[in-house]
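Peer 1: Take a look at the letters that make up each chain.
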Amino acid sequence: MQFTITKAPYVKPITSIPIVMRHVLYALIPALAAYIWFFGFGICINILIACIAAVVSEAFMLYLRKQPITQGITDGSALVTAVLIAFSIPPLVPWWIPVIGTFSAIILAKHLYGGIGANVFNPAMVGYAILLLSFPVEMTHWAPPLAEELGYEVLGFWSTIIYALSSSLPIDTNIDAITQATPLDMIKSGIKNNSTITEIRMDPLFGKLGSFGWEWISIYTIFGGLYLLYKGIINWHIPVSVLTSMMIFSALFYAIDSDQYLSPGFHLLSGSTIIGAFFIATDPTSAATSNKGRLIYGFGIGSLAYAIRTWGGFPDGFAFAVLLMNSSVPLLDRYTRPRIYGKS
Amino acid sequence: MATATLILSGIAITLAILLMLAARYFSSSTNEVVEKIETLLPRIQCAQCGYPGCRPYAKAIAEENAEINLCPPGGDETVRRLANFLGREFSPVTEPVKAANLNTVALISEELCIGCNLCSQACPVDAIVGVHQRMHTVISEHCTGCRLCVSPCPVDCISLIPRHG
Amino acid sequence: MTELVLIIFSAALVNNFVLVQFLGLCPFLGASKKFEGALGMGLATALVLTIASALSYLIEHLILAPFDVEYLRLISFILVIGASVQFTELLLRRASPILHQVLGIYIPLIASNCAVLGVALLNSNAARNLSEAIYYGAGAAIGFGIALILLSTLRERIEEEDVPGPFRGPAITLITAGIMSIAFFGFTGFPQI
Amino acid sequence: MVKNHIAKSFTGGIKLNANKNVSSSKTIAEQFIPSKLIIPMSHQFGPDAIPIVKVNQRIKKGELIGEPADKNALAVHASCSGQVTAIEQHQEPIVGEVSSSTCVIIQTNKDDDVSHQKKYWPRDTQTRLNLINQAGIVGLGGGSFPTAEKLNSKSLNCELLILNGAECEPFISCDDVLMREHATEVLRGGMAMMELVGASAILVCIEDDKPEALNAVYDAAGQLNSKLIQIVTLPTRYPAGGEKQLIEAVTGKEVPSGEYPINIGFICQNVGTAYALDRYIQLGEPQINRVVTVTGQGIKNPQNVLVPIGSPISELISFCGGYNDDVSHLILGGNMMGYSLHTDELPVTKATNCILAINKSQEEKSTQIWPCIRCGDCASVCPAKLLPQRIVKAYTNKNFNKLEELGLKDCIECGCCDVVCPSHIPLTASFKNAKYLTEEATTHSLLANEAEMRHNLKKIRLSKEQMKVDRLHAELKSNVRGDNRKSMINDAVNRSRKLRNKK
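Protein chains in written order, with the numbering used here: chain E, 1 to 344; chain L, 1001 to 1165; chain H, 2001 to 2193; chain G, 3001 to 3503.
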């Protein structure tokens, strides 16, 4: 009896790229829920616009590169990038901000390097950095969190859509309802005209540990991150090393002068530390490949992010820290190869 | 104005003297580079690049009076390696006609060989043995498939067969 | 002492010569094809930078100032840099001919590297004393070296990916350098001298 | 009391569902006699044996049919009694592919009269090793390395003899069933091996998903009441059965790359080999049969069979009930390291530990392949601690010295990386191909070095000859020049005039 020949091993692989990307998207749902609760539907619209832009740009580039379009789109990596960009931009921004961000991420940072698996820099962070540097005004329009006792309330669903499309406000809401600095921003400007942290923290915008709305979002993101760890999508080396290096430096400086520097808890639960550590820094393609390399990579991101936050010009330097460490990954890979079995 | 020219020429002369001393002290040897280039070539000694063997060709490349795509057995692979090392432009190999390769060996057909010994003189690696007027044969372990013995043979009795017959 | 460290820190990272001040771009893009070449180029430029910044300070304060021919500054700096580049080339050919062959044309090109001339001129403009000038030169060399080595390892990795046809080679290198300079933008705002 | 301890695990490796009990629940079927035998003369290591039988010669079971080519080569024996019908080139599965070699074809008869009887087991080691070679005993773990050569530890002292009963690959259960039914013979064979190499103890390693085998070996060791036997239970993880991984798990030491375990004092032997050695010592029977697992959804009733070496796979499968109709591939070996056969008209050799017929549902490998996203899962499961994602990248770019640097030689082709790869890249297949290409590249560079050396020698020889010719030329020119040139011409003219006058 005759048979056809195939190559070993004859086992069904246990996972695939679409499954991995789907798990990442599921893990972001708790954070999304908290985000909607505190900052309204702005982020849903951003995610929608960004995903459409991602699919369009991915299909366009795959067509140009003569690659199979359906396989490229269904692997979901473009959607993950789009959602991460939507998470890192303010909820109330004109529609063209997420579009430009996603286009530059997918086309510039991913497909020009060779498509999925070839991008040297993290596409979401390239998109965010380009947006931050080219549209500083729109990118600092953070809305205040929902807090009845403070009298801030959140724009309704339709009014957010109107704002996104025409950037015009419904008559009854006042302008300062949507132009609010993030707590990190207020800390930085406060310290600039050298008032101490305790005075700045009097402002109601600050919650118990971190900033009012953000700390809950960070806590829900941790649940998403633990889901990823449990599912084995990411391994623990990068998130743990990012968070430990952030904690070490912030605790060190906090001990030196608690009026000048923020507490570790605050750093941990504010800005994009948690979502950065679990979702952005762990992008496997632009991170180091060996475990030793991942530890150094994570440690670098944590310390650079802390340095930029405390002494740098930008309120939350996580994007620049990731890009800086991305450019040092090939050097890290060259020197952190694991010892081969049986070799000294 | 005069002081300016004086000062400038003074600085220039002192620097020139320093450089002359340094030049004498640091004499250099280029054959290390020639050896490195030679390791990149396939070293079949087939002389199809116009130079008698791979070392003269490597020396010519080192002194930059030879192009890097004259080696048909090496093919584009070798040219890419040379371009990579020397930082020169890659251009494909021009004449692949008589390309030799290490997977073929020469075979002398015993009926036709008249023992004229022309092929063994032409062989760059002495892989053909035989005495005048007597049968000649190719030692396949040493033969590199460089085809140099094919053209001198008056009775055309040499053919090239795959190495692992 | 912390001041000198701050000089090196600000020259190397905050206003990095290549990625923030955009000086010395042609060797940055040309000599970064391979890691060994970039390492050699970084060392050669560091050597030239330290010699040039020291010599140019000495010439300016010992020869040009007393005869008050300050206007000769530019020409004498170029002379000094040319000589130190020639000296480095001889040294390199003696020390490792292979590296000299790999770098090839880019060693004499250091003479035309605007970072080297930049350091000399910036030193004399900011009227730094000798130790500050040398530290500034060293900081510039470290900054140039970091950028060069990072780009060379990046280019070696990009070489392995299938970059779309028209973007292969210099186009993708420029995009990578662009994104690297965006990354170095993160250092703006740091205390600097 | 027999010492029994739990080993810690080796690095890397993955958990696979064993699907072994479908075949290990039944006892070994020992009454299988094929209609014809195709006994190959070739071995994986060492020269081919020389057939000493003639066509139509009647032979008994266990009779010598191929004598060893040189002093320490392997002999070949007839697995059943019958009549030699032909000695010809025939296809046989060897080293992962199907190639042809000289085979003795025997038409078997059922009367089963035996030619061998119990021999005297001499005292000194060297003659024992020669006897083992003459009995044709090779390792049954799949590598079929000659046992005598492996046990011949020469000057290196061997601390521990490790009996490998791990059998980590899914579907295969021949060692498990062998240990259940013949534990005492296996241990006795192990003791004989231990004497040969002078080891201080035997470690019988069995995975903890085979409790019956563990108990059987435990009781047998109790009866033999020798303090030297220790039983080690391994946590079930593929590839625990690999030699290097077993040593790392049991002793914590690592076999240096490119060397054999004997260099650090260990020798690994498969339990099947120990059983074969014991049968040779007790009954004088050479290695003429082995236990083969015939399993997979494509087989009607999967089981373990004691198969005479050389019996055709087609007959073995029809003995086990034949194929189901949705069978898609026939694999020799397990589903991780086995290789697929294009036909079942091939003989069972000593390396055949399992015949696996899989159907569509079980095997369907995905046809969609994505580019590598450097997730590093393959590196975390690689038992040889390599970086498969960078090896496959260097392979696609044909960068041979990078492949050398990344340790391609140390890849044991176990297939773990293929299972966990989310992009479904055929990693193991490309590593096998890469090994073939690097091998070809190294032979080419050796040839090139030699050609360069011979070319330089030829240039020196030619220049020497040229110098001789020049010196000769110079001498001729020197004695011709000077005043005697005219006198030489006149002499020549006078000689010619004298000749003309004489005529």
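Derived by calculation from the structure, the hints in this document are not laboratory data. From a predicted model like this one, the values you see are computed outputs, not experimental measurements. Warning: the hint list may mix true and false statements.
Unchecked claim - Here are the simulated distance ranges between beta carbons:
no.: 1; chain 1: L; residue 1: Arg-1088; chain 2: E; residue 2: Phe-60; range: 34 to 42 Å
no.: 2; chain 1: G; residue 1: Asn-3399; chain 2: E; residue 2: Gln-2; range: 34 to 42 Å
no.: 3; chain 1: E; residue 1: Pro-68; chain 2: G; residue 2: Ser-3099; range: 36 to 44 Å
no.: 4; chain 1: E; residue 1: Gly-313; chain 2: H; residue 2: Glu-2159; range: 52 to 60 Å
no.: 5; chain 1: E; residue 1: Lys-66; chain 2: H; residue 2: Thr-2188; range: 38 to 46 Å
no.: 6; chain 1: G; residue 1: Ala-3492; chain 2: L; residue 2: Arg-1163; range: 42 to 50 Å
no.: 7; chain 1: H; residue 1: Asn-2129; chain 2: G; residue 2: Asn-3399; range: 47 to 55 Å
no.: 8; chain 1: E; residue 1: Trp-96; chain 2: H; residue 2: Ile-2063; range: 56 to 64 Å
no.: 9; chain 1: G; residue 1: Glu-3440; chain 2: L; residue 2: Ala-1012; range: 41 to 49 Å
C-beta: ideal position from N, C-alpha, C; glycine also.
Peer 1: Would you mind marking each hint as holding or not holding in the structure?
Peer 2: Evaluated hints:
| no. | hint | result |
| --- | --- | --- |
| 1 | L:Arg-1088 x E:Phe-60: 34 to 42 Å | holds (37 Å) |
| 2 | G:Asn-3399 x E:Gln-2: 34 to 42 Å | holds (39 Å) |
| 3 | E:Pro-68 x G:Ser-3099: 36 to 44 Å | holds (38 Å) |
| 4 | E:Gly-313 x H:Glu-2159: 52 to 60 Å | violated (35 Å) |
| 5 | E:Lys-66 x H:Thr-2188: 38 to 46 Å | holds (41 Å) |
| 6 | G:Ala-3492 x L:Arg-1163: 42 to 50 Å | violated (59 Å) |
| 7 | H:Asn-2129 x G:Asn-3399: 47 to 55 Å | holds (51 Å) |
| 8 | E:Trp-96 x H:Ile-2063: 56 to 64 Å | holds (60 Å) |
| 9 | G:Glu-3440 x L:Ala-1012: 41 to 49 Å | violated (59 Å) |
Of the numbered hints listed earlier, those contradicted by the structure are 4, 6 and 9.
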